[in-house]
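Visitor: The lines below spell out each chain.
Number of protein chains: 2
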Amino acid sequence: MGASLKDVAARAGVSVKTVSNVVNGYTYVAPHTREKVEKALAELDYRPNLSARNLRRGRTGVIALALPELDAPYFAELSRFVIDAAAERGWTVLIDQTDGLADRERQVLQGIREQLIDGLIFSPLTVGREELAARTDNTPLVLLGERILDGPTHHVAIDNQRAAREMTEHLISLGHTRIGAIGAQDNPSANTAHLRLAGYRQALEAAGLPYDDRLTPSTRSYHRADGAEVMRRLLALDEPPQAVFCFNDLLALGALRTALSAGLRVPQDVAVAGFDDIEDGRYSTPTLTTISPDKGQIARTAVELLDARIGGTGRAARRAEGDAAEVREVEADYRLIVRESTVGTAGA
Amino acid sequence: MGASLKDVAARAGVSVKTVSNVVNGYTYVAPHTREKVEKALAELDYRPNLSARNLRRGRTGVIALALPELDAPYFAELSRFVIDAAAERGWTVLIDQTDGLADRERQVLQGIREQLIDGLIFSPLTVGREELAARTDNTPLVLLGERILDGPTHHVAIDNQRAAREMTEHLISLGHTRIGAIGAQDNPSANTAHLRLAGYRQALEAAGLPYDDRLTPSTRSYHRADGAEVMRRLLALDEPPQAVFCFNDLLALGALRTALSAGLRVPQDVAVAGFDDIEDGRYSTPTLTTISPDKGQIARTAVELLDARIGGTGRAARRAEGDAAEVREVEADYRLIVRESTVGTAGA
Chain B
1 MGASLKDVAA RAGVSVKTVS NVVNGYTYVA PHTREKVEKA LAELDYRPNL
51 SARNLRRGRT GVIALALPEL DAPYFAELSR FVIDAAAERG WTVLIDQTDG
101 LADRERQVLQ GIREQLIDGL IFSPLTVGRE ELAARTDNTP LVLLGERILD
151 GPTHHVAIDN QRAAREMTEH LISLGHTRIG AIGAQDNPSA NTAHLRLAGY
201 RQALEAAGLP YDDRLTPSTR SYHRADGAEV MRRLLALDEP PQAVFCFNDL
251 LALGALRTAL SAGLRVPQDV AVAGFDDIED GRYSTPTLTT ISPDKGQIAR
301 TAVELLDARI GGTGRAARRA EGDAAEVREV EADYRLIVRE STVGTAGA
Chain Y
1 MGASLKDVAA RAGVSVKTVS NVVNGYTYVA PHTREKVEKA LAELDYRPNL
51 SARNLRRGRT GVIALALPEL DAPYFAELSR FVIDAAAERG WTVLIDQTDG
101 LADRERQVLQ GIREQLIDGL IFSPLTVGRE ELAARTDNTP LVLLGERILD
151 GPTHHVAIDN QRAAREMTEH LISLGHTRIG AIGAQDNPSA NTAHLRLAGY
201 RQALEAAGLP YDDRLTPSTR SYHRADGAEV MRRLLALDEP PQAVFCFNDL
251 LALGALRTAL SAGLRVPQDV AVAGFDDIED GRYSTPTLTT ISPDKGQIAR
301 TAVELLDARI GGTGRAARRA EGDAAEVREV EADYRLIVRE STVGTAGA
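Residue numbers (full-length UniProt numbering), protein chains in the order written: chain B, 1 to 348; chain Y, 1 to 348.
Note that these hints are calculated values from the structure, not bench results. Some hints here could point you the wrong way.
[To be verified] Ranges between beta-carbon positions, derived for each pair:
#1 P152(B) - E326(Y): 47 to 57 angstroms
#2 E35(B) - V330(Y): 50 to 60 angstroms
#3 L174(B) - D159(Y): 45 to 55 angstroms
[Said to hold, decoys possible] Take a look, some chain Y residues computed to stay more than 10 angstroms from chain B by CB distance:
#4 S4
#5 G13
#6 E77
#7 L94
#8 A206
#9 E239
#10 Q268
#11 R282
#12 S292
#13 I310
Using N, Cα and C, we set each Cβ at its ideal position, and we do this for glycine too.
Could you put together the complete structure from these sequences and hints?
Guide: Encoded structure:
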């Protein structure tokens, strides 16, 4: 049984109304009183009745997380972080899978279930600036993933181009001069692919290495099967690459499998690198060199920005509300993680 | 723009009311009329306005899928199938992550958000018969995963004990006599673990092999890290196992990594088998021998049973409604899939 507002009020020696004011984040409570109430809240482990509170405010307590694929490990891992960050605000997360289809993504933007949700965190694959500008639904929105230039929307992303450049520089630093890339896409709206390819090309150019488009074939999607297939084509070239930078870890795991099945040693015969730092790549043999976006930071930031847009659910939101008016683009951190697939093991 | 009931009525030459009766699955429409209407519905690609219909029926159009871990590939893959099957009925799936914690699972059963959802598909890890019997919430419920004996609830599962026995028999058939198991659990409510261990023991007994509990250490959870750690302990035994049956693929991928890191060849020095058939195991080196539950069938069956319990959303439900009264336990199919981690490659 949880403590009631009345229990807290008795313990703090104040009125129920005062406790309610503190819990709801109103500002006109004297600091000394607020302190007493917060101490009592903590001691009694008070949990607000969120559904009742949401009801009063005309809210559902539910936010949606729309993403391309729930069964792609990057998105599954990111979802866990979003669910955890949302739970801290008492929010339930409804997950919506778009399959990266333009139609489904437009539906998400147009608020097919606006009555149901208080806010939306959306990781688009194909929709861009135009679709965002045309949006008429006014459910609070925060975007994840690629930067959509001049977009009217809060946004959280890592610098994909810089990260891709760093990974390519890592491969160049190992002495490779013929470096392939798996993950280029023909679709002009495929922002991730274009940014990562741009970073790859920048690194080649800075090192004085030629760009050879036979080494960057397009992929239809970003699954293991695509990586495996494109790697077969790269290995069949007259001059196959010495290293391959894959634009996500699933592509890299597919490419790795193709290389090992062909009897090649990784990294001695061909080095393989990925992007995303999914758990799979920490247990593969060899383990996978990758770019690790700070997924926890991305999720927490997105939830905070959304909370500010929605207008807050109490104390936490009050801290953020100064940010609610302007559009914010937050750049999340990432790290280059070097593992066996590019540098081998101590013994190899 | 979608076709309206009026468009369909005009095309079929019937009244709007008649079209509505067909769409809503009422039975008192003459077969000939129904046929004309269904033809017109198909030709015009009629899509019902589900939110309006749900509203009239006091429904939200949302079902919840509660599962232990969204970022465990088995559950992520299963979620995709559930989302797809639910979408065919116009349902949105809200995903709820319990982390397999008893408290969270009890909350799910007690209907923390009963106002929000029409039904619940629940894959429990720890709650059992008692918690189910004590349930007072009456949101329609279908259980996934382990059989909870004599439970009052629709249920979809594979025969875990038989599947585990088959996998162990496969390892025995390869000539192994000292076979370890990774995934036993001390927790008495861990039904999956107990059923799979029981199947393993049955196979040993049937083959006249002794049961040695040093070969079946307990694991805290079913992640790659647990498999890696328990495998280290098994390999450190005076007589390490010749083969290891892991109770899920993540444990097996962890065990595989430990074996390969220790310089062992898989399967020549130690064979490794898993359970779940997640995509990771199709691309690992070596690829993973596993039990493949029919996840699509599990998801579709669960959604159908739930639809029948909820009372239907039209034609599909009417077919199933005869089943709604009695509790059903549906056994889903599975296959043993033999890959490199137990039998090697043609060339190995």
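Visitor: A separate judgement is required for each hint: does it hold in the structure or not?
Guide: Quick rundown of the hints versus the structure:
no.	hint	verdict
1	P152(B) - E326(Y): 47 to 57 angstroms	holds, 54 angstroms
2	E35(B) - V330(Y): 50 to 60 angstroms	holds, 57 angstroms
3	L174(B) - D159(Y): 45 to 55 angstroms	holds, 51 angstroms
4	S4	holds, 18 angstroms
5	G13	holds, 32 angstroms
6	E77	violated, 5 angstroms
7	L94	violated, 4 angstroms
8	A206	holds, 33 angstroms
9	E239	holds, 25 angstroms
10	Q268	holds, 15 angstroms
11	R282	violated, 8 angstroms
12	S292	holds, 15 angstroms
13	I310	holds, 17 angstroms
Going through the hint list in order, the structure does not satisfy hints 6, 7, 11.
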